[in-house]
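Enquirer: Take a look at the letters that make up each chain.
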Amino acid sequence: MWLDPANPQLNKNGELHHLLSLEGLPADILRQILDTAESFVGVTQREVKKVPLLRGKAVFNLFFEASTRTRTTFEIAAKRLSADVINLAINVSSQSKGETVLDTVANLSAMQADMFIVRHAASGAPYLIAKHVAPDIHVVNAGDGRHAHPTQGLLDMYTIRHYKGDFTKLRVAIVGDILHSRVARSQIHALTTLGCPEIRVIGPKTLLPAHVERLGVQVHADMQQGLKDVDVVMMLRLQNERMKGALLPSAQEFFKYYGLTEDKLALAKPDAIVLHPGPMNRGVEIDSSVADGKQSVILPQVTFGIAIRMAVMSILAGN
Amino acid sequence: MKIHIKNGRLIDPKNGVDAKRDVFVAAGKIVAIGEAPAGFSANRVIDATGRVVCPGLVDLAVRLREPGFEYLATLETEMKAAIAGGVTSLACPPDTDPPLDEPGLVEMLKFSAKNLNQAHVYPIGALTTALKGTNLTEMAELRDAGCVAFSQAEAPLADTQVLMHALQYAATFDFPVWLRAQDPALAKHGVAHDGEVSTRLGLPAIPVTAETVALSTILIIARETGARVHIARLSSAEGVAMVRDSRARGLPVTCDIGIHHAHLSEMDIGYFDPNCNLTPPLRSQRDRDALRAGLADGTIDALCSDHTPVDEDAKQLPFSEAEPGATGVELLLPLALKWATESSLGLSVAIDRITAKPAAILGIDAGHLAVGATADVCVFDPEAYWRVEPAALFSLGKNTPFSGFEMRGRVTHTLVSGNLVYEKK
Chain A
1 MWLDPANPQL
11 NKNGELHHLL
21 SLEGLPADIL
31 RQILDTAESF
41 VGVTQREVKK
51 VPLLRGKAVF
61 NLFFEASTRT
71 RTTFEIAAKR
81 LSADVINLAI
91 NVSSQSKGET
101 VLDTVANLSA
111 MQADMFIVRH
121 AASGAPYLIA
131 KHVAPDIHVV
141 NAGDGRHAHP
151 TQGLLDMYTI
161 RHYKGDFTKL
171 RVAIVGDILH
181 SRVARSQIHA
191 LTTLGCPEIR
201 VIGPKTLLPA
211 HVERLGVQVH
221 ADMQQGLKDV
231 DVVMMLRLQN
241 ERMKGALLPS
251 AQEFFKYYGL
261 TEDKLALAKP
271 DAIVLHPGPM
281 NRGVEIDSSV
291 ADGKQSVILP
301 QVTFGIAIRM
311 AVMSILAGN
Chain B
1001 MKIHIKNGRL
1011 IDPKNGVDAK
1021 RDVFVAAGKI
1031 VAIGEAPAGF
1041 SANRVIDATG
1051 RVVCPGLVDL
1061 AVRLREPGFE
1071 YLATLETEMK
1081 AAIAGGVTSL
1091 ACPPDTDPPL
1101 DEPGLVEMLK
1111 FSAKNLNQAH
1121 VYPIGALTTA
1131 LKGTNLTEMA
1141 ELRDAGCVAF
1151 SQAEAPLADT
1161 QVLMHALQYA
1171 ATFDFPVWLR
1181 AQDPALAKHG
1191 VAHDGEVSTR
1201 LGLPAIPVTA
1211 ETVALSTILI
1221 IARETGARVH
1231 IARLSSAEGV
1241 AMVRDSRARG
1251 LPVTCDIGIH
1261 HAHLSEMDIG
1271 YFDPNCNLTP
1281 PLRSQRDRDA
1291 LRAGLADGTI
1301 DALCSDHTPV
1311 DEDAKQLPFS
1321 EAEPGATGVE
1331 LLLPLALKWA
1341 TESSLGLSVA
1351 IDRITAKPAA
1361 ILGIDAGHLA
1371 VGATADVCVF
1381 DPEAYWRVEP
1391 AALFSLGKNT
1401 PFSGFEMRGR
1411 VTHTLVSGNL
1421 VYEKK
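Those protein sequences? They're chains A and B, same order as listed.
Per our numbering, the first sequence runs over residues 1 to 319.
Per our numbering, the second sequence runs over residues 1001 to 1425.
Certain hints may be false.
To be verified - Dumping the calculated DSBU-like pairs for lysine-lysine here, alpha-carbon to alpha-carbon at most 35 angstroms: (1) Lys-131/A <-> Lys-1188/B; (2) Lys-79/A <-> Lys-244/A; (3) Lys-205/A <-> Lys-244/A; (4) Lys-264/A <-> Lys-169/A; (5) Lys-1020/B <-> Lys-1002/B; (6) Lys-256/A <-> Lys-1188/B; (7) Lys-1398/B <-> Lys-1188/B; (8) Lys-79/A <-> Lys-57/A; (9) Lys-1006/B <-> Lys-1114/B; (10) Lys-244/A <-> Lys-1188/B; (11) Lys-1110/B <-> Lys-1029/B; (12) Lys-205/A <-> Lys-264/A; (13) Lys-1014/B <-> Lys-1398/B; (14) Lys-244/A <-> Lys-294/A; (15) Lys-205/A <-> Lys-164/A; (16) Lys-131/A <-> Lys-1132/B; (17) Lys-1132/B <-> Lys-205/A; (18) Lys-1110/B <-> Lys-1006/B; (19) Lys-131/A <-> Lys-1398/B; (20) Lys-1398/B <-> Lys-12/A; (21) Lys-294/A <-> Lys-50/A; (22) Lys-169/A <-> Lys-57/A; (23) Lys-1424/B <-> Lys-1110/B; (24) Lys-244/A <-> Lys-1132/B; (25) Lys-12/A <-> Lys-50/A; (26) Lys-1020/B <-> Lys-1114/B; (27) Lys-205/A <-> Lys-1188/B; (28) Lys-169/A <-> Lys-256/A; (29) Lys-1020/B <-> Lys-12/A; (30) Lys-1029/B <-> Lys-1002/B.
It is worth saying that the hints were derived from the structure and are not from the lab.
Same shape as in the complex, but just chain A:
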């Protein structure tokens, strides 16, 4: 399989062969995924929720790192496309016996896999897998280290487009632990590609990566200032182990300065929407009244997530 060395997820026709990152994907492909997902949203609301697009295909959920939500939504999406789904939680099986990622993948390929959905704690692991699988196998990155979570980024774009329409008129804020967030990176790449003119990242300096502004964002340490007049607020999850230590003194102080409360949300545009990739830490990065409030679109995100994953898998299988 010839893949573009400058963007190893595209085949020689410039079509998506793997989905590894949103970085460098042309806007056309992003829109194609969003449009396809739109057609599937209807399917997910029908009584019979299945379409036969992946009938006879084997989709392997290859999770080297624990996940419930993402794995489940991929599983539902694959099943609605009529694929056979095999779930593997590798961290508890072969890896502990010393088998390498590539050995695991080689073994599973021998079982006639058509698609691997990969989550791994190390940034770049899906690239390694994509480089070594047989040419007819597709790899979907379901989250790798701090690098990317492309389907999350896409479902966020879907949600924004659904509620706000045109990206070129939006002001978007991403708040919290940008440094460790694969979600933030995917959101930033997607937003810049789709023409969003103003992306702000908000967080304390300990949670911002070096030269983050070179990704095309404005940096704000002050949340009040950062939220002013935004159309979209994207909150990030703060991992438990980072709430107290050398990066942050306490969850309470974080909540006080970077937690999304009704007061702070009032600084955004009155019709601003609030997103969160889940699972939420109520009272740490987001107040319950906001999470459950009328501006929150957190639950629709989950529903759209299934449609997005159906779209990605069906497009890959068709290319």
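Let chain A serve as the given structure and place chain B on it in line with the hints.
Expert: Frame of chain A, contents of chain B only:
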């Protein structure tokens, strides 16, 4: 064995020679340059027409992987790789298994190397027992066993008091200490330069401050103790500026950089190429440019290969889990030449940085070709173009970011102590 190397362009930077001169070798020494000595009759004539004849290369860091890591590489393969790269003297870091912290281990290594009768091996002794950074090794005993300097290799020395004492003790005997400037806490869990690429790829980062904070500690303690300190594998522009400044203020500190850092930057990581997982990390293009300029103006004394054979399996992993390091001893010469060409410097400057300068740091009588000197000689074709094919390398380590690159300049003959140990087929 009497050898006559004829019609070559002799470049001997230490003695200021760059001219067409014949070289005559007998009994392991250079016996004449220019005209044959009376009654000289060669057993072997090497026609060096169109080629450069220079001192055998001196490489400050070649991991032979013995003892302990023979499955990665063997003394035999790596010595073969060295002479194929024109390297006739090499220093090996103490991060073997067990580390070179006991005289017996050093003697054994010297003995095995001598039996192979190829490049001269100069072991660098461990500065602390098992490189753990707590107890000093028996440096004087290790010196007697053959160590030419002491180092922690890549192992951290977190305790500044131990560093102070190690330098005081080394200074007592005037032993050189080679240190890699990296603060272990600031570098913790990091695998890539803290910059644009690590931010984009989400790779745990090592900031430049990890180098500069450690470097400043080392430079201050070096001044205080009067120890002879050599900084190994400098990686940042700021680090080069600090060394330049210290030297201007009279501190006799020396330093080197690796070939990868002279040519590559964080950008070369591309999409997580594990061959670019190196120690220190590849930094920004601005840092690389400063290293190249520092090597040109003499702030950086020497260029070395930092040869680190890594098993294929240890590289076929996600970037952050892959073992750092790259094979390089066979690429030292062409990459030194490439640097000089791109910097509009002559061949002589390139050769100086990989012969006379590193020999001076090692304190050995090598890296020059005066009459009476040991006949360690490298003959190379400066116009030979070749492509780096990992499978064709002599080293068991096939891990190089230069795979597929075109190189200019190739070794054709290598002499060690007057013996023709390598000849390109």
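Enquirer: Within 35 angstroms, alpha carbon to alpha carbon, are Lys-1020/B and Lys-1114/B?
Expert: Between Lys-1020/B and Lys-1114/B the Cα gap is close to 33 angstroms, so the pair holds against 35 angstroms.
Enquirer: Would you mind confirming whether the straight-line C-alpha gap from Lys-205/A to Lys-164/A stays at or under 35 angstroms?
Expert: holds, 30 angstroms
Enquirer: Compare the distance between the alpha carbons of Lys-131/A and Lys-1188/B with 35 angstroms, and conclude whether the hinted pair is satisfied.
Expert: holds, 29 angstroms
Enquirer: Lys-169/A and Lys-256/A: Cα distance at most 35 angstroms?
Expert: Roughly 30 angstroms separates the two Cα atoms, so the pair holds.
Enquirer: Is Lys-244/A within 35 angstroms of Lys-1132/B, Cα to Cα?
Expert: holds, 30 angstroms
Enquirer: Decide if the proposed pair is consistent with the structure: Lys-1020/B and Lys-1002/B, CA atoms, cutoff 35 angstroms inclusive.
Expert: holds, 20 angstroms
Enquirer: Does Lys-57/A lie within 35 angstroms of Lys-79/A when you go C-alpha to C-alpha?
Expert: Holds. Lys-79/A to Lys-57/A sits at ~10 angstroms (cutoff 35 angstroms).
Enquirer: Given the hinted pair Lys-205/A and Lys-1188/B, is their Cα-Cα distance within 35 angstroms?
Expert: Roughly 18 angstroms between the alpha carbons, so the hint for Lys-205/A and Lys-1188/B holds.
Enquirer: Need the status of pair Lys-12/A, Lys-50/A: alpha-carbon distance at most 35 angstroms?
Expert: Since the Cα atoms of Lys-12/A and Lys-50/A sit roughly 31 angstroms apart, the hinted pair holds (cutoff 35 angstroms).
Enquirer: Please verify whether Lys-1398/B and Lys-1188/B have alpha carbons no more than 35 angstroms apart.
Expert: Holds, at about 28 angstroms.
Enquirer: Within a Cα-Cα threshold of 35 angstroms, do Lys-1424/B and Lys-1110/B meet the stated pairing?
Expert: holds, 26 angstroms
Enquirer: Within 35 angstroms, alpha carbon to alpha carbon, are Lys-244/A and Lys-1188/B?
Expert: Holds. Lys-244/A to Lys-1188/B sits at ~18 angstroms (cutoff 35 angstroms).
The structure fails hints 2, 16, 22, 29 (numbered hints given earlier, in ascending order).
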